[in-house]
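All residue numbers for the sequence shown refer to the working numbering, where the first residue is 1 and numbers rise by one.
There's no promise every hint is true.
[What the hints assert, rightly or not] Below, a list of computed lysine-lysine pairs in the DSSO-like style, where the Cα atoms sit at most 30 Å apart:
hint, residue 1, residue 2
1, 379, 103
2, 37, 155
3, 37, 27
4, 219, 195
5, 290, 382
6, 4, 382
7, 155, 71
8, 256, 336
9, 126, 290
10, 67, 423
11, 423, 155
12, 5, 27
13, 256, 290
14, 4, 70
15, 29, 95
16, 155, 29
17, 290, 116
18, 423, 453
Hints were generated in silico from the structure; no laboratory data involved.
The model shown is predicted, which means the values in this text are computed figures rather than measured ones.
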Amino acid sequence: MISKKILVIDDEEFIRINLKDIFTSEKYKVDVASLGKRGLNAIKTNQYDLAFLDINLPDMNGIEVLKEIKKIEPDLLVIIITGFASVESAVNAIKLGAYDYIKKPFKADAIKLITKLALETQSLKKKVIELETQQKEHSDISSIVGFSPEIDTLKNHISEIAKYDSETVLITGESGTGKELVASAIHNLSPRKEKSFVEINCATIPENLLESELFGHEKGAFTNAYSKKIGLLEIAEGGTLFLDEIGEMSLSLQAKLLRVLENKKIRRLGSNKDLEIDVRIIAATNKNLKNAISESTFRNDLYYRLNVLRIEVPPLRARGSDIILLAEYFLNIFKKKFSKPVEKFDEQAKTVLRNYNWPGNVRELRNVIERTCILHNEKIIKSEHIAGDFIGSTRQLGLKICDEDFDLTQASYEEILNNIEFKIISKAVSISDGNISQTAKLLQIPRETLRYKLTKLNIS
1 MISKKILVID DEEFIRINLK DIFTSEKYKV DVASLGKRGL NAIKTNQYDL AFLDINLPDM
61 NGIEVLKEIK KIEPDLLVII ITGFASVESA VNAIKLGAYD YIKKPFKADA IKLITKLALE
121 TQSLKKKVIE LETQQKEHSD ISSIVGFSPE IDTLKNHISE IAKYDSETVL ITGESGTGKE
181 LVASAIHNLS PRKEKSFVEI NCATIPENLL ESELFGHEKG AFTNAYSKKI GLLEIAEGGT
241 LFLDEIGEMS LSLQAKLLRV LENKKIRRLG SNKDLEIDVR IIAATNKNLK NAISESTFRN
301 DLYYRLNVLR IEVPPLRARG SDIILLAEYF LNIFKKKFSK PVEKFDEQAK TVLRNYNWPG
361 NVRELRNVIE RTCILHNEKI IKSEHIAGDF IGSTRQLGLK ICDEDFDLTQ ASYEEILNNI
421 EFKIISKAVS ISDGNISQTA KLLQIPRETL RYKLTKLNIS
């Protein structure tokens with residue numbers, strides 16, 4: 001794995017040495033600069049993943065350095081280093097495009113955490129840009145968004161199955177997982193890609209009409225059949241027919257489909273002539289077809305005929321590392337569509353998105369992000385902005401922990417924050433039955449950070 005490269009621009013030698021030691025211990029590559037101009041020259045001649053910039057430099061104002069950085073390398077994430085008296089300037093820097101700020105004096109643990117979050121954000125942005133580029137180039141498999149191990153496996157299976165274009169395919173998975181995208185990708189990667197990809201949802205069309213849609217009919221075949229109709233099995237000649245929600249097809253129509261798969265012939269309604277066809281059948285369902293067989297609602301022989309090659313599309317909850325990537329991907333789409341100023345999700349919003357179970361899968365996530373984008377005009381999407389009923393319990397939990405009055409005349413700002421943090425971490429420890437790894441996962445922080453906070457706050 002290629003090491004991330006960080007630039008530190010600070011006039012204090014102690015700060016430069018301290019940060020370099022911290023980053024080196026984390027296996028990052030580090031360059032340091034004592035002046036703003038030297039830092040800018042380094043950015044012009046090197047490629048950095050992250051920069052730490054002191055707000056007060058002897059040769060240039062930190063805000064001016066930030067503006068110049070954004071001209072040279074607009075996508076470089078910059079974290080402002082500031083003293084207490086300069087917090088207002090740091091906030092202004094964030095408005096100008098800085099990723100975040102950290103106050104002096106700082107602890108190594110805090111530096112490691114903010115660096116980790118920033119680099120994850122930067123990596124995510126690159127992946128989103130890569131996905132958008134793939135979409136523009138109409139890449140065969142680009143419509144399946146994700147980089148998780150589960151999606152990598154899925155894409156590999158698609159690539160292999162696509163080669164065997166005479167075999168039927170059964171795609172299974174929960175509603176909203178993107179089974180139609182998998183079917184399209186199989187077609188687009190197959191030798192049949194220059195021919196038609198025809199799809200029909202078996203659940204949305206009545207049985208008598210579905211048969212006519214698939215097989216076609218002759219003029220006068222039934223009432224209102226005023227002209228001949230070519231069915232989808234003929235229209236898909238040489239290509240692929242995708243039968244979505246195959247589990248909803250009637251038993252009588254299942255028998256006719258089985259004959260097509262076995263004989264490679266069809267007969268239009270009202271005709272006595274068989275027509276030979278060359279069509280690949282891909283079927284999809286969110287049902288358990290074996291259960292349907294035991295309930296006598298699906299034919300056993302058709303199941304085994306369809307199940308020659310099978311692909312299981314994973315639910316979104318099993319693709320944890322893809323959830324934020326997909327959310328950012330949809331956010332980019334909808335902010336352009338609706339001309340919104342939104343830029344990103346804050347960390348609490350990401351935690352809400354990660355922790356939700358997503359029973360509606362990718363379709364539900366897309367709809368939630370679309371509603372959120374429509375309803376809000378802020379640059380930063382916060383947890384309370386996220387549309388959808390699923391955030392109710394999360395928000396109430398947060399209020400129970402934190403919604404109380406604090407007397408600033410009796411306690412310092414830091415003491416108040418420590419009090420809130422103590423309650424949150426204690427609650428997480430209780431939920432996790434004292435398991436450090438589970439607590440860290442629940443809080444979305446590294447175990448080392450959790451151990452430090454447990455010691456600092458005297459939580460046993």
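Evaluated hints:
{"no.": "1", "hint": "379 - 103", "result": "holds, 23 Å"}
{"no.": "2", "hint": "37 - 155", "result": "violated, 47 Å"}
{"no.": "3", "hint": "37 - 27", "result": "holds, 27 Å"}
{"no.": "4", "hint": "219 - 195", "result": "holds, 27 Å"}
{"no.": "5", "hint": "290 - 382", "result": "violated, 44 Å"}
{"no.": "6", "hint": "4 - 382", "result": "holds, 28 Å"}
{"no.": "7", "hint": "155 - 71", "result": "violated, 38 Å"}
{"no.": "8", "hint": "256 - 336", "result": "violated, 47 Å"}
{"no.": "9", "hint": "126 - 290", "result": "violated, 42 Å"}
{"no.": "10", "hint": "67 - 423", "result": "violated, 40 Å"}
{"no.": "11", "hint": "423 - 155", "result": "violated, 44 Å"}
{"no.": "12", "hint": "5 - 27", "result": "holds, 10 Å"}
{"no.": "13", "hint": "256 - 290", "result": "holds, 20 Å"}
{"no.": "14", "hint": "4 - 70", "result": "holds, 19 Å"}
{"no.": "15", "hint": "29 - 95", "result": "holds, 28 Å"}
{"no.": "16", "hint": "155 - 29", "result": "violated, 33 Å"}
{"no.": "17", "hint": "290 - 116", "result": "violated, 46 Å"}
{"no.": "18", "hint": "423 - 453", "result": "holds, 12 Å"}
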